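Trainee: Next come the chains, spelled out residue by residue.
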Amino acid sequence: MSRLVTYCGIGLRTAFRGIRRSAGAALATVLTIGLTLWVIGVFVLVGANMRALLEGLGEQIPVVAFFAEPVGEATALEWVRRAEALEGVDAVVYVSQEAALARFRNQVGGEELLEGVEGNPLPASLEVSLGAEARAEASALRVAEALRGFEAIGDVQHGDDWLVGYTRALAVVDAIRWTLGVVLGLAALLVVSSTVRLGAYARRDEIEILALVGASRSFVRGPFWIEGFLEGMAGGVLALCLLALAFGLLRVPEGGGFEMLLGQVPPRFLDPMESLSLVAAGAFLGLIGAVLAVAGPRR
Amino acid sequence: MGDRKGARLGDPSQSQQQPGGALLRAYHLKKSYGQGGFAIADLGFEVGAGELVFVTGPSGAGKTTLLRLLFGAERPSSGQAIVLGRNVGRLGEAAIRVLRRRIGFVFQDFKLLPRRSVEENVAMPLEVVGTPRQETRRRVFAILKRLGLEKRRQRSPLSLSGGEQQRVAIARALVGEPAILLADEPTGNLDAEYTLEIMDWLADVAAHGTAVLVATHDANLVERSGARVLELAKGRLVADTKAGER
Chain A
1 MSRLVTYCGI GLRTAFRGIR RSAGAALATV LTIGLTLWVI GVFVLVGANM RALLEGLGEQ
61 IPVVAFFAEP VGEATALEWV RRAEALEGVD AVVYVSQEAA LARFRNQVGG EELLEGVEGN
121 PLPASLEVSL GAEARAEASA LRVAEALRGF EAIGDVQHGD DWLVGYTRAL AVVDAIRWTL
181 GVVLGLAALL VVSSTVRLGA YARRDEIEIL ALVGASRSFV RGPFWIEGFL EGMAGGVLAL
241 CLLALAFGLL RVPEGGGFEM LLGQVPPRFL DPMESLSLVA AGAFLGLIGA VLAVAGPRR
Chain B
300 MGDRKGARLG DPSQSQQQPG GALLRAYHLK KSYGQGGFAI ADLGFEVGAG ELVFVTGPSG
360 AGKTTLLRLL FGAERPSSGQ AIVLGRNVGR LGEAAIRVLR RRIGFVFQDF KLLPRRSVEE
420 NVAMPLEVVG TPRQETRRRV FAILKRLGLE KRRQRSPLSL SGGEQQRVAI ARALVGEPAI
480 LLADEPTGNL DAEYTLEIMD WLADVAAHGT AVLVATHDAN LVERSGARVL ELAKGRLVAD
540 TKAGER
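Those protein sequences? They're chains A and B, same order as listed. If you count the first sequence from 1, position 93 lands on 93 in the numbering used here, and the numbers rise without skipping. Add 299 to a position in the second sequence, counting from 1, and you land on the number used in the numbering used here.
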């Protein structure tokens with residue numbers, strides 16, 4: 001055990017000495033891994049927030065029927081009663097033009113978006129909630145179809161269309177993340193492996209002497225593995241910091257950035273486990289790159 | 300980072316006690332490179348513990364090749380090189396590295412690392428066997444003091460004179476208390492004063508029980524030492540003069 005501790009101490013000292021000696025190559029490794037993981041992290045973060053939005057909205061997306069023309073409250077209530085009578089409908093809420101405008105301002109904070117727009121461009125609508133048993137896509141479509149038959153209704157939207165598109169977008173984000181993960185990961189491995197190999201070449205005299213005084217292969221290679229691991233970990237931390245910086249910048253100004261995309265769902269950063277995974281991925285990339293760099297016969 | 304394969308093979312020091320105390324043995328040892336004839340041709344000799352032996356001969360006689368064969372840096376074409384009871388030619392790389400931990404080697408070109416201090420250079424053989432740091436420092440200081448280099452221990456080898464660098468190389472070879480010390484032209488780069496100093500040290504090392512084999516072409520040095528001499532010519536052993544026979 002004490003011998004293992006001694007070996008670890010020697011390995012760490014030698015690794016730090018190697019990093020100091022090949023500072024340029026070490027920096028290249030850290031930057032490569034950092035930028036690679038940053039790009040991958042962006043897609044992880046976007047995907048995580050899109051997923052959060054999906055979970056936040058869940059099954060609460062109602063069928064919305066927009067009136068073709070402005071209607072009085074009495075007329076609107078008549079259409080509410082007719083909509084409530086449809087099979088599978090649980091509740092119907094009338095949203096006046098004024099209420100729609102107030103909600104838009106409240107949710108999106110889009111005062112500046114409405115600058116120059118005369119009057120109230122938002123139509124009045126009926127928000128139709130379906131009963132639990134009617135939330136299947138077929139029922140929602142049937143209700144939407146019935147609402148389209150109402151003379152006063154100009155357009156009907158129901159969440160399923162939006163959800164399908166959104167889920168597809170999420171799948172695309174995930175696919176990009178995995179593709180980039182593999183491609184950039186391999187590229188980073190190549191760069192890390194090359195820089196570690198350069199470092200090993202620069203220290204070939206030391207490696208030769210170590211072999212001459214009886215050092216085992218793992219004793220010679222260990223410091224390079226530690227070097228790769230530490231540089232990869234530093235790259236992971238760098239990616240995390242860059243990601244946090246980008247996330248902070250996108251949150252400002254209030255009401256812009258993520259809030260525009262996500263509506264009422266608060267944007268979130270990577271949770272501790274995801275952050276740790278990012279750093280661990282960097283360490284893993286660095287370690288594998290180093291292992292590949294110093295593999296093979298070395299006398 | 301230890302060498303489990305090597306550990307399984309056992310500590311060579313445990314198998315070094317041969318009948319008669321020979322630590323180095325060569326039997327019909329041959330080494331050839333392609334069609335170029337033999338660099339070493341049918342050598343046979345033994346070196347015991349505490350013996351100082353010079354290997355002499357002109358350039359190309361096979362002195363360095365012989366040392367490299369004994370050190371496991373080369374494989375014999377035929378015959379056997381038995382070092383500390385192990386047939387070097389049949390050992391795997393890991394086992395050779397383990398064996399080297401019991402052999403000190405002083406190189407003609409010193410092979411010191413300029414970016415490491417004297418102390419760090421000397422500590423290398425102790426580090427590879429996992430010697431604790433405090434123990435390493437103590438032993439390094441002791442050997443440097445013995446060689447008069449303790450005040451130079453923090454300096455780069457590049458800042459030392461040729462003789463001092465050679466002493467650092469000897470210190471590194473001896474710090475692990477090897478059973479065998481091989482030295483290839485250890486005074487080749489030194490002036491007369493340093494040469495005598497180094498030779499006195501090698502004799503002292505042998506007097507402490509280490510088998511010392513020194514390759515040199517310096518006839519005066521050999522003459523002065525009065526030690527045993529293996530004289531090579533074109534890879535063949537042409538004379539084995541015991542100590543005191545000259």
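Honestly, the hints are just simulated from the structure, not real lab data. Don't take each hint at face value.
[Unchecked claim] Partner residues aside, some chain A positions facing chain B, computed with beta carbon under 8 Å:
1) 9
2) 12
3) 21
4) 106
5) 211
[To be verified] Per label pair, the in silico range of CB-to-CB distance:
6) A:23 to B:476: 35 to 45 Å
7) B:490 to A:21: 28 to 38 Å
8) B:433 to A:52: 40 to 50 Å
9) A:268 to B:432: 16 to 26 Å
10) A:266 to B:416: 51 to 61 Å
11) A:2 to B:457: 39 to 49 Å
12) B:433 to A:205: 26 to 36 Å
13) A:205 to B:450: 51 to 61 Å
14) B:374 to A:244: 31 to 41 Å
15) B:331 to A:16: 22 to 32 Å
16) A:187 to B:410: 15 to 25 Å
17) A:2 to B:454: 52 to 62 Å
The model shown is predicted, which means the values in this text are computed figures rather than measured ones. C-beta atoms are modelled at their ideal positions from N, C-alpha and C, and glycine is treated no differently.
Trainee: Which of the stated hints cannot be reconciled with the structure, identified by number in ascending sequence?
Mentor: 2, 4, 8, 9, 11, 13, 14, 15, 16, 17
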